[in-house]
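Asker: Could you put together the complete structure from these sequences and hints?
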Amino acid sequence: MNVLHYINLFFSDNTHWHGYDGIPTRLREHVQYSLIALAVAAAIGLPIGLLTGHTGRGGNTLSLIATAARALPSFGLLVLMFVLIGFGLVPVMIPLVVLAVPPILVTTYEAMRSVDPSPVDAARGMGMNETNILFQVELPVALPLILSGLRSAAIQIVSTATIAAYVSLGGLGRYIIDGLYQRNYEKVVGGATLVAGMALVTLALFWGIARLAVSPGVRRSN
Amino acid sequence: MIRIDSVTKRYPDGTVAVDRLSLDIPDRSITVLVGPSGCGKTTTLRMINRMVDLSEGTISLDGADITKQPVNTLRRSMGYVIQNAGLFQHRTIVDNIATVPRMLGWGKEKARARATELMERVGLDASLAKRYPYQLSGGQQQRVGVARALAADPPVLLMDEPFSAVDPVVRKGLQDELLRLQEELGKTIVFVTHDIDEAIKLGTMVAVLRTGGKLAQFAPPAELLSDPADAFVEDFLGADRGIRRLSFFSSAGLDLKTSPIVAVDSTAEQIAERTTPGVPYLLVTDLDGRPLGWSEPGALTAGAVDTARLLAYGRPFAAGKDSLRAALDGSVLSPTGWAVGVDDTGRVVGVVSQQAVGEAIRSAHAAVRPDTKAVG
Amino acid sequence: MNDWFRIPSDLQNSYFGLIGLHLREAVIPVLVGLVIALPIAQLCVRLRWLYPPVLWVTTVLYAIPSLAFFVVLIDYTGQTETTVMIPLGVYSLVVFVPAIVDGVRSVPQETLDAATAMGLGPVRRYLQVQLPIAVPAIIAGLRVATVSSISLVSVGMLIGNQGALGNLLNDGQVYHQPRLIWLSVITTAVLAIAVDAVLVAVRLLLTPWMPRGTRKARPAPAEPATEDAAR
Numbered sequence: 017m018n019v020l021h022y023i024n025l026f027f028s029d030n031t032h033w034h035g036y037d038g039i040p041t042r043l044r045e046h047v048q049y050s051l052i053a054l055a056v057a058a059a060i061g062l063p064i065g066l067l068t069g070h071t072g073r074g075g076n077t078l079s080l081i082a083t084a085a086r087a088l089p090s091f092g093l094l095v096l097m098f099v100l101i102g103f104g105l106v107p108v109m110i111p112l113v114v115l116a117v118p119p120i121l122v123t124t125y126e127a128m129r130s131v132d133p134s135p136v137d138a139a140r141g142m143g144m145n146e147t148n149i150l151f152q153v154e155l156p157v158a159l160p161l162i163l164s165g166l167r168s169a170a171i172q173i174v175s176t177a178t179i180a181a182y183v184s185l186g187g188l189g190r191y192i193i194d195g196l197y198q199r200n201y202e203k204v205v206g207g208a209t210l211v212a213g214m215a216l217v218t219l220a221l222f223w224g225i226a227r228l229a230v231s232p233g234v235r236r237s238n
Numbered sequence: 002m003i004r005i006d007s008v009t010k011r012y013p014d015g016t017v018a019v020d021r022l023s024l025d026i027p028d029r030s031i032t033v034l035v036g037p038s039g040c041g042k043t044t045t046l047r048m049i050n051r052m053v054d055l056s057e058g059t060i061s062l063d064g065a066d067i068t069k070q071p072v073n074t075l076r077r078s079m080g081y082v083i084q085n086a087g088l089f090q091h092r093t094i095v096d097n098i099a100t101v102p103r104m105l106g107w108g109k110e111k112a113r114a115r116a117t118e119l120m121e122r123v124g125l126d127a128s129l130a131k132r133y134p135y136q137l138s139g140g141q142q143q144r145v146g147v148a149r150a151l152a153a154d155p156p157v158l159l160m161d162e163p164f165s166a167v168d169p170v171v172r173k174g175l176q177d178e179l180l181r182l183q184e185e186l187g188k189t190i191v192f193v194t195h196d197i198d199e200a201i202k203l204g205t206m207v208a209v210l211r212t213g214g215k216l217a218q219f220a221p222p223a224e225l226l227s228d229p230a231d232a233f234v235e236d237f238l239g240a241d242r243g244i245r246r247l248s249f250f251s252s253a254g255l256d257l258k259t260s261p262i263v264a265v266d267s268t269a270e271q272i273a274e275r276t277t278p279g280v281p282y283l284l285v286t287d288l289d290g291r292p293l294g295w296s297e298p299g300a301l302t303a304g305a306v307d308t309a310r311l312l313a314y315g316r317p318f319a320a321g322k323d324s325l326r327a328a329l330d331g332s333v334l335s336p337t338g339w340a341v342g343v344d345d346t347g348r349v350v351g352v353v354s355q356q357a358v359g360e361a362i363r364s365a366h367a368a369v370r371p372d373t374k375a376v377g
Numbered sequence: 034m035n036d037w038f039r040i041p042s043d044l045q046n047s048y049f050g051l052i053g054l055h056l057r058e059a060v061i062p063v064l065v066g067l068v069i070a071l072p073i074a075q076l077c078v079r080l081r082w083l084y085p086p087v088l089w090v091t092t093v094l095y096a097i098p099s100l101a102f103f104v105v106l107i108d109y110t111g112q113t114e115t116t117v118m119i120p121l122g123v124y125s126l127v128v129f130v131p132a133i134v135d136g137v138r139s140v141p142q143e144t145l146d147a148a149t150a151m152g153l154g155p156v157r158r159y160l161q162v163q164l165p166i167a168v169p170a171i172i173a174g175l176r177v178a179t180v181s182s183i184s185l186v187s188v189g190m191l192i193g194n195q196g197a198l199g200n201l202l203n204d205g206q207v208y209h210q211p212r213l214i215w216l217s218v219i220t221t222a223v224l225a226i227a228v229d230a231v232l233v234a235v236r237l238l239l240t241p242w243m244p245r246g247t248r249k250a251r252p253a254p255a256e257p258a259t260e261d262a263a264r
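Chains as they are written, first to last, in the numbering used here: chain A, 17 to 238; chain B, 2 to 377; chain C, 34 to 264.
Hints listed in this document are in silico derivations from the structure and should not be mistaken for laboratory results. Glycine included, C-beta positions come from ideal geometry on N, C-alpha and C. Errors might be hidden in some of the hints.
[Stated by the list, open to error] Derived, one-sided and incomplete: chain B residues facing chain A with beta-carbon distance under 10 angstroms:
#1 50
#2 72
#3 75
#4 77
#5 82
#6 83
#7 87
#8 92
#9 93
#10 146
#11 161
#12 272
[To be verified] Derived Cβ-Cβ restraints for the label pairs, each shown as a range:
#13 144/C - 313/B: 48 to 56 angstroms
#14 221/A - 74/B: 21 to 29 angstroms
#15 105/B - 155/C: 53 to 61 angstroms
#16 21/B - 227/A: 29 to 37 angstroms
#17 213/A - 169/B: 53 to 61 angstroms
#18 213/A - 108/B: 44 to 52 angstroms
#19 67/A - 68/B: 37 to 45 angstroms
#20 67/A - 239/B: 46 to 54 angstroms
#21 103/A - 45/C: 26 to 34 angstroms
#22 67/A - 61/C: 38 to 46 angstroms
#23 108/B - 27/A: 55 to 63 angstroms
#24 29/A - 43/C: 33 to 41 angstroms
#25 221/A - 65/B: 50 to 58 angstroms
#26 15/B - 216/A: 38 to 46 angstroms
Answerer: Here you go:
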């Protein structure tokens with residue numbers, strides 16, 4: 017059996033590059049799902065993580081919530097949501113967001129906790145208010161770790177967004193699900209390759225963001 | 002003036018960190034809080050800028066109770082320097098220093114200009130401006146910390162063991178810099194340390210605290226050394242109290258002999274002429290007037306003195322400027338028992354025997370109170 | 034009340050039977066993954082240059098959607114439990130290697146030097162000093178890998194009903210019985226939480242030397258960068 021052979025077949029088939037089932041379309045859909053899920057998860061996880069990390073309170077509760085969220089099976093949740101809510105984007109977003117919030121939340125919290133207390137004390141003594149301390153003193157230093165949590169969540173989302181296809185939505189999962197039912201392994205392997213490729217691109221994107229956003233003073237001293 | 006009035010700090014678990022402390026911290030001078038661990042010195046300092054809340058008592062700044070002002074206004078009016086500097090690792094040096102001015106609304110250019118000016122003030126090379134903290138040594142980071150505290154020109158400076166984390170050589174340099182800065186700027190400085198020698202060197206007034214947060218003695222350092230209030234203070238001051246106290250007596254009153262000094266190219270007549278009755282040695286100087294060593298007159302070969310056979314002259318003291326302690330030390334270091342007094346350029350001004358220094362010490366004790374600042 | 038837990042006969046299993054099956058399908062691959070990860074991690078610790086490429090490979094493997102992985106394996110292992118368990122083993126490997134490497138590396142150099150000075154050779158140092166100190170990090174990895182595994186087993190439902198509790202998801206849709214779907218989701222979640230709690234207890238037992246509570250004086254070994262609940 018030749019995985020590479022299948023990959024070759026898949027990508028060289030011209031029809032795969034056009035139309036509603038073409039690679040560009042599916043890719044675009046997949047990127048859409050992933051971005052929305054990541055944005056929502058970040059909108060939930062970042063503020064809570066930053067705030068609890070800054071004050072230091074609620075670490076235990078955070079742990080519990082993260083564990084509970086992780087325990088919820090994504091696939092099962094998807095089916096449940098689909099049965100309850102029906103067809104649409106929301107039943108897919110819910111399991112993806114539930115999946116992505118724990119790593120963002122926990123990593124952001126720990127990143128903030130691990131910031132050297134000395135500059136924070138100095139900043140307070142200088143008369144900086146708490147908000148400024150959070151954003152100007154703690155966040156820039158915690159940024160590398162926070163980005164790694166976001167990156168981890170992004171990769172998980174990219175990979176799991178394939179389940180959208182199970183409830184008749186698009187995305188790269190379409191190739192995998194269709195390939196399974198049609199016994200077309202070419203499609204399955206092609207789809208998986210595309211997802212893996214997208215994950216690598218995500219890694220590269222985050223590497224670039226880190227280079228831009230992280231201060232040279234923090235990068236080097238790590 | 003900062004008035005600390007019957008201040009107590011009690012923690013929920015019952016520990017009393019500061020116990021009914023009352024102090025008046027004078028303006029425009031360095032007041033040092035010193036004591037063993039657990040004596041509440043850092044807690045007291047941090048109560049002044051309300052990093053720690055008072056349990057009882059009041060602290061007032063120029064008559065105004067500090068709890069009656071918005072806390073950030075209070076803090077922005079005081080400089081705060083801590084151990085390990087606490088620099089913002091993600092900002093350049095110049096941006097670190099400009100933090101408070103920017104907070105107060107200064108424009109970027111103005112703040113940066115001020116920062117550059119301060120860098121020079123604290124002895125940092127301008128090339129370091131765009132560097133990041135991780136690229137600086139410990140001593141340099143500490144200087145940045147001081148510059149940062151001075152940026153908005155606050156009247157009060159709070160310093161919490163700022164020099165403890167650097168090695169002794171660097172520490173001495175920073176201490177000297179602080180004294181020089183203080184001479185230029187005249188701030189009201191409250192300085193915390195566990196090192197009694199640092200306290201004596203830097204403080205105009207020294208408050209010795211004992212474990213449990215009680216005040217043991219509040220006095221100028223010379224008085225501390227001459228009259229410790231109790232056994233604890235005496236013990237804390239450590240050994241050689243008397244000799245250390247001599248740092249506060251100036252050598253200005255010493256009667257320096259100028260006769261037993263010859264140049265290296267002296268003729269036999271000059272050597273004979275300079276030999277002083279009652280003084281068994283002659284000090285040989287180079288052609289510039291700088292000391293080379295001692296010798297018995299008889300051992301000198303006129304015109305060609307063998308410098309290798311001269312006796313060590315010890316460490317010269319700055320005549321009139323250094324303390325009696327330096328003069329005594331100089332006389333002890335030379336096997337001849339004589340000390341050499343020099344001027345700013347290092348040229349010999351005169352010499353003095355151990356006996357003469359001893360007499361000067363006795364009369365200084367008998368005279369009015371010694372200077373309150375260590376002479377050297 | 035018992036009706037709630039009634040399982041359709043086509044699954045040929047009782048409720049507790051399904052739970053047992055699910056646990057088996059989830060836990061065995063994780064343990065196998067751990068056993069394989071230990072030597073790999075040790076190699077990465079010894080040969081520093083090996084670690085980045087290993088991380089790259091594992092990240093790529095991790096990104097492969099579980100379903101695709103399952104499907105590709107059908108050709109080799111058919112529509113059986115094994116098909117589900119192999120990818121789960123690979124994913125847990127991906128979680129363990131960084132966790133173990135970081136855990137072992139978190140041992141302070143002074144501690145190692147002291148051990149060497151006392152005459153402990155490399156193997157003894159690894160077994161008696163580095164591994165025990167790495168236990169919290171390894172257990173953290175175990176928690177993530179196991180919870181993830183438990184979640185992923187359900188996806189096996191798409192491969193000829195090999196998803197244990199996941200199979201209820203299919204039946205629930207086919208027979209229009211939402212109850213079964215709720216049952217599947219809740220049971221799986223509770224199972225995951227229970228296993229997580231057991232692992233926390235194990236960690237407390239194994240590391241009496243660690244301070245209790247969450248007040249961190251220094252950063253705790255970071256959660257493995259790759260975590261997953263299901264794909």
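Asker: It remains to establish, for every hint, whether it holds in the given structure.
Answerer: Cross-check of the supplied hints:
1. Among the interface hints, the one on residue 50/B holds; its C-beta lies about 6 angstroms from the nearest C-beta in chain A, closer than the 10 angstroms criterion.
2. The interface hint given for residue 72/B is met, as the beta carbon of that residue sits about 8 angstroms from the closest beta carbon of chain A, less than 10 angstroms.
3. Among the interface hints, the one on residue 75/B holds; its C-beta lies about 7 angstroms from the nearest C-beta in chain A, closer than the 10 angstroms criterion.
4. Taken as an interface hint, residue 77/B checks out: its beta carbon lies about 4 angstroms from the nearest beta carbon of chain A, inside 10 angstroms.
5. At its closest, the beta carbon of residue 82/B sits 8 angstroms from a beta carbon of chain A; the interface hint therefore holds under the 10 angstroms criterion.
6. For residue 83/B, the suggested interface contact is upheld, since its CB lies about 6 angstroms from the closest CB of chain A, less than 10 angstroms.
7. Annotation: residue 87/B was flagged as interfacial toward chain A, and the flag holds, the nearest CB pair being 3 angstroms apart, inside 10 angstroms.
8. The interface hint given for residue 92/B holds, since its Cβ lies 7 angstroms from the closest Cβ of chain A, which is under the 10 angstroms cut-off.
9. Residue-level restraint check for residue 93/B holds (minimum Cβ-Cβ distance to chain A is 7 angstroms; threshold 10 angstroms).
10. The beta carbon of residue 146/B comes within 8 angstroms of a beta carbon in chain A, closer than 10 angstroms, and the hint placing it at the interface holds.
11. Interface hint at residue 161/B: satisfied, since its Cβ lies 9 angstroms from the closest Cβ of chain A, which is below the 10 angstroms cut-off.
12. Annotation: interface hint on residue 272/B violated; nearest CB of chain A at approximately 64 angstroms, more than 10 angstroms.
13. Between residue 144/C and residue 313/B the Cβ separation comes to about 50 angstroms, which falls inside the hinted range of 48 to 56 angstroms.
14. Checked against the given bound of 21 to 29 angstroms, the beta carbons of residue 221/A and residue 74/B, roughly 44 angstroms apart, lie outside it.
15. Here the CB-CB span from residue 105/B to residue 155/C is close to 59 angstroms, well matched to the stated 53 to 61 angstroms.
16. The beta-carbon spacing between residue 21/B and residue 227/A, approximately 57 angstroms, falls outside the hinted interval of 29 to 37 angstroms.
17. The hinted range of 53 to 61 angstroms is satisfied by residue 213/A and residue 169/B, whose Cβ atoms lie roughly 59 angstroms apart.
18. For residue 213/A and residue 108/B, the Cβ-Cβ distance of about 49 angstroms falls inside the hinted range of 44 to 52 angstroms, so the restraint holds.
19. In this structure the hint that residue 67/A and residue 68/B lie 37 to 45 angstroms apart at CB is violated, the actual value being about 27 angstroms.
20. Between residue 67/A and residue 239/B the C-beta distance comes to about 49 angstroms, which sits within the given range of 46 to 54 angstroms.
21. In this structure the supplied range 26 to 34 angstroms holds for residue 103/A paired with residue 45/C, their Cβ-Cβ distance being about 32 angstroms.
22. A hinted range of 38 to 46 angstroms holds for the C-beta pair residue 67/A and residue 61/C, which are about 41 angstroms apart.
23. Restraint check, residue 108/B to residue 27/A: a C-beta distance of roughly 57 angstroms satisfies the suggested window 55 to 63 angstroms.
24. For residue 29/A paired with residue 43/C, a C-beta distance near 38 angstroms keeps the hint of 33 to 41 angstroms intact.
25. A hinted range of 50 to 58 angstroms holds for the C-beta pair residue 221/A and residue 65/B, which are about 55 angstroms apart.
26. In this structure, residue 15/B and residue 216/A break the distance hint of 38 to 46 angstroms, their C-beta atoms being roughly 59 angstroms apart.
When held up to the earlier numbered hints, the structure conflicts with 12, 14, 16, 19, 26 and fits the remainder.
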